[in-house]
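Undergrad: What follows is each chain in one-letter form.
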Amino acid sequence: MFAVENGLQGDPRLQAISDAIRVIPHFPKTGIMFQDITTLLLDPVAFKHVVDIFVDRYKHMNISLVAGVEARGFIFGPPIALAIGAKFIPLRKPGKLPGRVISEEYELEYGNDRLEMSVEAVKSHERALVIDDLVATGGTLSASINLLERAGAEVVECACVVGLPKFKGHCKLKGKPLYVLVEPSQLDEVTF
Amino acid sequence: SLPKSLNKRESERKTADFFIFRSSLTMSGNKQEEDPRINGIKTKIRVVPDFPKKGIMFQDITTVLLDPKAFKDTIDLFVERYRDKNISVVAGIEARGFLFGPPIALAIGAKFVPLRKPKKLPGETIFEEYELEYGNDRLEMHVGAVEAGDRALVVDDLIATGGTLCAAINLLERVGAEVVECACVIELPELKGRQRLKGKPLCMLVEYR
Numbered sequence: 001m002f003a004v005e006n007g008l009q010g011d012p013r014l015q016a017i018s019d020a021i022r023v024i025p026h027f028p029k030t031g032i033m034f035q036d037i038t039t040l041l042l043d044p045v046a047f048k049h050v051v052d053i054f055v056d057r058y059k060h061m062n063i064s065l066v067a068g069v070e071a072r073g074f075i076f077g078p079p080i081a082l083a084i085g086a087k088f089i090p091l092r093k094p095g096k097l098p099g100r101v102i103s104e105e106y107e108l109e110y111g112n113d114r115l116e117m118s119v120e121a122v123k124s125h126e127r128a129l130v131i132d133d134l135v136a137t138g139g140t141l142s143a144s145i146n147l148l149e150r151a152g153a154e155v156v157e158c159a160c161v162v163g164l165p166k167f168k169g170h171c172k173l174k175g176k177p178l179y180v181l182v183e184p185s186q187l188d189e190v191t192f
Numbered sequence: 001s002l003p004k005s006l007n008k009r010e011s012e013r014k015t016a017d018f019f020i021f022r023s024s025l026t027m028s029g030n031k032q033e034e035d036p037r038i039n040g041i042k043t044k045i046r047v048v049p050d051f052p053k054k055g056i057m058f059q060d061i062t063t064v065l066l067d068p069k070a071f072k073d074t075i076d077l078f079v080e081r082y083r084d085k086n087i088s089v090v091a092g093i094e095a096r097g098f099l100f101g102p103p104i105a106l107a108i109g110a111k112f113v114p115l116r117k118p119k120k121l122p123g124e125t126i127f128e129e130y131e132l133e134y135g136n137d138r139l140e141m142h143v144g145a146v147e148a149g150d151r152a153l154v155v156d157d158l159i160a161t162g163g164t165l166c167a168a169i170n171l172l173e174r175v176g177a178e179v180v181e182c183a184c185v186i187e188l189p190e191l192k193g194r195q196r197l198k199g200k201p202l203c204m205l206v207e208y209r
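Same order as they appear, the protein sequences are chains A and B. Residue numbers for the first sequence, in UniProt numbering: 1 to 192. Residue numbers for the second sequence, in UniProt numbering: 1 to 209.
Heads up, some of the hints might be wrong.
[To be verified] DSS-like cross-link-like pairs, simulated, lysine-lysine; straight-line CA separation at most 27 angstroms:
no.	chain 1	residue 1	chain 2	residue 2
1	A	K123	B	K119
2	A	K96	B	K69
3	A	K59	A	K48
4	B	K69	B	K117
5	A	K93	B	K117
6	A	K123	A	K176
7	A	K29	B	K54
8	B	K53	A	K93
9	B	K120	A	K48
10	A	K96	B	K42
11	A	K29	A	K123
12	B	K72	A	K93
13	A	K96	B	K85
14	A	K96	B	K72
15	A	K174	A	K93
16	B	K117	A	K48
17	A	K93	A	K176
18	A	K168	A	K96
19	B	K42	B	K85
20	A	K59	B	K120
21	B	K72	A	K123
22	B	K53	B	K200
23	B	K117	A	K96
24	A	K29	B	K69
25	A	K93	B	K120
26	B	K54	B	K42
27	A	K123	A	K166
28	B	K192	B	K117
29	B	K119	A	K29
30	A	K96	B	K54
31	A	K166	A	K176
32	B	K192	A	K59
33	A	K123	A	K168
34	B	K198	B	K117
35	B	K42	B	K69
[Said to hold, decoys possible] Each pair of labels, with its calculated beta carbon distance range:
no.	chain 1	residue 1	chain 2	residue 2	range
36	B	G40	A	L108	51 to 59 angstroms
37	B	Y208	A	Y110	40 to 48 angstroms
38	A	P165	B	F127	31 to 39 angstroms
Quick caveat, the hints were computed from the structure, so don't treat them as lab data. Built from N, CA and C at the ideal position, the CB exists for glycine as well.
Using the sequences and the hints given, assemble the complete structure.
TA: Below, the structure is given as structure tokens:
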């Protein structure tokens with residue numbers, strides 16, 4: 001579900017966020033219109049809008065844990081976690097986290113990748129939010145949901161700044177709701 | 001309170017090129033009381049032996065992130081230090097610098113710029129090489145993200161040899177920014193990274209010997 005479908009229709013912050021995202025054509029390969037959120041991070045007002053919208057949504061949902069997907073989920077997750085008083089858990093590429101970890105495989109276009117989580121970080125029945133910058137296939141978010149559920153947490157929602165239009169309506173990922181701020185930006189919008 | 005060995009070194013030091021947080025944030029006087037929040041942060045850092053390889057005592061800050069108060073205190077300490085220093089850009093080093101840099105940037109109204117491993121940034125980039133134990137690596141920054149005259153803070157979770165931070169300073173200076181300070185949660189002082197910061201001051205919260 002998109003923010004405009006859920007109470008934020010006409011909210012000027014959403015346009016500011018969308019305008020601040022840069023499109024890089026054919027990255028990492030031909031045909032992909034890459035949604036570059038680094039330009040959003042260069043706009044402190046727009047960046048704050050992203051955090052504020054997510055915080056407003058989640059602060060009364062009793063979320064005790066925000067899990068962010070490496071690496072861009074590390075940029076959006078912690079400010080939200082800090083504001084709502086939740087802990088932050090990084091979900092990382094293999095071999096980066098010390099200590100005991102569990103891992104989950106997920107599919108890429110060619111081949112697989114793995115996401116790891118520290119097994120001691122999660123308590124049973126914790127209410128969790130998963131955050132990443134963008135959702136496309138949903139593979140990474142699904143792997144994240146699996147990791148958290150395997151550790152006993154309840155995933156309340158997945159949240160992304162950008163999402164493909166197919167996630168409108170009540171689209172769910174592994175039965176979990178998905179909340180997205182904006183659709184992908186088009187070319188000939190912002191440059192530096 | 002600070003360990004005795006550190007107090008002795010500090011009194012011998014001719015120029016104070018690093019800062020340890022004190023409850024009053026002033027440099028005057030001999031009284032060196034640590035901000036009470038520091039101990040709470042220190043006790044949350046998990047040391048993992050032999051990771052990623054034998055002989056390394058890995059400083060795991062993910063356990064600080066699991067404690068909302070300790071994480072908030074970490075950010076607050078840096079924000080209190082930098083909010084009146086006219087910092088226009090916070091540069092965070094991938095990946096753990098991304099955990100601390102953005103909350104600081106948001107609180108002080110600065111831009112956040114990610115400094116990344118090669119080929120992650122989608123736009124036009126400049127890069128700086130730095131040495132690893134075996135071989136080299138590169139740090140990249142988007143062209144145009146930082147402008148001449150920007151006052152920059154560089155953030156990472158930990159400073160060891162200082163190689164990565166030095167590369168970050170170089171990237172920022174090459175585009176005409178002024179690096180005001182480097183900020184790390186943890187310092188490994190025996191690796192002398194502080195001396196590799198091109199004269200830039202280092203602010204850290206916890207040291208590990």
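Undergrad: Could you grab the alpha-carbon distance between B/K72 and A/K93 and see if it respects the 27 angstroms cut-off?
TA: Distance of about 25 angstroms is within 27 angstroms: holds.
Undergrad: Regarding the pair B/K72 and A/K123, is the alpha-carbon distance no greater than 27 angstroms?
TA: The given pair, whose Cα atoms are some 21 angstroms apart, holds under the 27 angstroms limit.
Undergrad: Below or equal to 27 angstroms on CA atoms is what counts here, so check B/K192 against A/K59.
TA: Violated, because 43 angstroms separates the two Cα atoms, which is more than 27 angstroms.
Undergrad: Taken at face value, is the distance from the CA of A/K93 to the CA of A/K174 at most 27 angstroms?
TA: holds (21 angstroms)
Undergrad: Are A/K123 and B/K119 close enough, with their CA atoms no more than 27 angstroms apart?
TA: Between A/K123 and B/K119 the Cα gap is close to 36 angstroms, so the pair fails against 27 angstroms, i.e. violated.
Undergrad: So if I understand the rule, the pair passes when the alpha-carbon distance is 27 angstroms or less; does A/K96 with B/K85 pass?
TA: Judged against 27 angstroms, a Cα distance of about 34 angstroms means the pair is violated.
Undergrad: Given the proposed pairing of B/K119 with A/K29, does the C-alpha separation stay at or below 27 angstroms?
TA: Roughly 12 angstroms separates the two Cα atoms, so the pair holds.
Undergrad: Does A/K48 sit within 27 angstroms of B/K117, going by the straight-line distance between their CA atoms?
TA: Holds - the C-alpha atoms of A/K48 and B/K117 are around 26 angstroms apart, at most 27 angstroms.
Undergrad: For the pair supplied as a hint, A/K123 and A/K166, is the alpha-carbon distance within the 27 angstroms limit?
TA: Answer violated: A/K123 to A/K166 is near 33 angstroms, above 27 angstroms.
Undergrad: Does B/K54 sit within 27 angstroms of A/K29, going by the straight-line distance between their CA atoms?
TA: violated (38 angstroms)
Undergrad: Please work out if A/K29 and B/K69 have their alpha carbons no farther apart than 27 angstroms.
TA: violated (42 angstroms)
Undergrad: Are A/K123 and A/K168 close enough, with their CA atoms no more than 27 angstroms apart?
TA: violated (32 angstroms)
Violated hints, listed in ascending order, are 1, 4, 7, 11, 13, 18, 20, 22, 24, 27, 32, 33 and 36; each of the other numbered hints is respected by the structure.
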